[in-house]
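J.: Assemble the complex: chain D is given as a structure, and chain B must be docked to it using the hints.
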Amino acid sequence: MTAVRIPPTLRAEVGGERQVEAHGATVREVLEDLARRYPALEQHLFEDGEVAPFVNVYVGGEDVRTLDGLDTQVNGLPMILLPAMAGGR
Amino acid sequence: MATYRELLQQVKAAIDEVGAADARERLGDALFLDVREQDEWQEGALPGAVHVPRGQLESRIEGLVPDKGRELVVYCAGGSRSAFAAKSLGELGYANVTSLAGGFTDWKRNGFEIEVPRALSSEQRARYSRHLLIPEVGEAGQQKLLQSRVLLIGAGGLGSPASLYLAAAGVGTLGIVDADVVDDSNLQRQIVHSTDRLGEPKVLSAKRTLEGLNPDVEVRTYEERLTSENVERILGDGWDVIVDGADNFPTRYLVNDASVWHRIPVVHGSIYRFEGQVTVFNPFEGPCYRCLFPQPPPPELAPSCAEGGVLGVLPGIIGSLQASEALKLLLGIGDTLQGRLLLFDALAGTFDEVTVKRDAACPVCGEHPTITEYVDYVEFCAGVRP
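As they're listed, the protein sequences go chains D and B.
Just so we're aligned, residue 277 is where the first sequence starts under this note's numbering, counting upward by one.
Just so we're aligned, residue -14 is where the second sequence starts under this note's numbering, counting upward by one.
It should be emphasised that the hints constitute simulated quantities derived from the structure, not laboratory data.
What you were told as hints is all true, and nothing was included just to trick you.
Using 16 Å as the maximum straight-line C-alpha spacing, the simulated EDC-like pairs for lysine to aspartate or glutamate come out as follows: (1) B:Lys342 <-> D:Glu338; (2) B:Lys93 <-> B:Glu25; (3) B:Lys129 <-> B:Asp201; (4) B:Lys342 <-> D:Asp344.
Which chain B residues face chain D? A few, computed with CB under 8 Å, are given here: (5) Arg237; (6) Arg258; (7) Glu260; (8) Phe278; (9) Pro281; (10) Ala333; (11) Val339.
All C-beta atoms, glycine included, are put in the ideal place defined by N, C-alpha and C.
If we strip away everything but chain D, and leave its shape as in the complex, we get (with noise of 0.2 Å):
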């Protein structure tokens, strides 16, 4: 099991968690582990195959584009999504 956490942006698809819980030893196992059960996050997450360009992954603090992508190990970590955040007003 590892604790996925839900950007605020992200919310409404998964029930209003802040987190959730989702099997898989990989990143794309975790991810798409949650697209099967929360389908509205999908188009969120991939794009052409790859995490979607404008949302962040990170397993244990990592970013996994700077790690080996969709194929990253989880090993327990937790994740955290994380897409831009424009507000400053």
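T.: Same frame as chain D, but now just chain B:
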């Protein structure tokens, strides 16, 4: 019981002394400690000397000089106070201390170089006393802040606390870019403004508040929205640090590209509802905004605070963190948030941190940049790719 003269003789016998000519050879290598009083120091001092009045020497020296093996040359006006100071430093474990025989008077008589420290006024000394007590800031740091220039993008939720604390800290010049007027929906969080400023341009309202808080601060106002057309003019006024508190993606990417090309560090903050993010982008030293977020999210994933709301105090926390990072950058102290994105969740009461790395393929700061001039940032953020 010894007389003063006898005691001074005993002390001088127990320490090492150095004459002015030999001491001059040590300029640049040894640390020169001036233990005279404030008014004497202000009249002139040895070049590069550090000032600690004799009465504060024991309590402050370990903060100022943690390395007890450092070569120290202590001086006062005539060589007596510095003799006692040298003895005391020896007792504190400083192993390489000499006292300047004849002191500053003899140094000057030899015609050796002196410098007149840029002194704080007595009002400034009182105003910044809590900074002067911190070894990492001190008089030199406070002088640095007074000569520093920070540009704030936005006089809103983040810009309010950031500008207030930077002004209070004595950052000498603050530039503020904002095209809006004060609206009553701002006052739940934008604490640099107030009810009697409704309808007033935000930059003018902020200027009144900040210059009222600290007369040492000059506020330069830019009553306009930052665009590709005016960014060169505004950045051309010369800034040490940019504090980004914009409320939209086109401005964020514009600030990023301009700051990379001008090599100005950016303290980035953003907020939404209960959550905020802070980091430092230091061009070519660390990642830039495009390394962190190569593309803005589609509009449905990127509601503004005007659309989604924000807890009033949240920008107070994030904007204050931005002020703290800006002061560290200006003073050159501590570990900044360069390479780290700090995530704050007010509702959960948690701070988390993720790593941000430079992207070798970054279109602006990477090895082979593909964006080398300003683009249409509105189009870019609407998903139109160049």
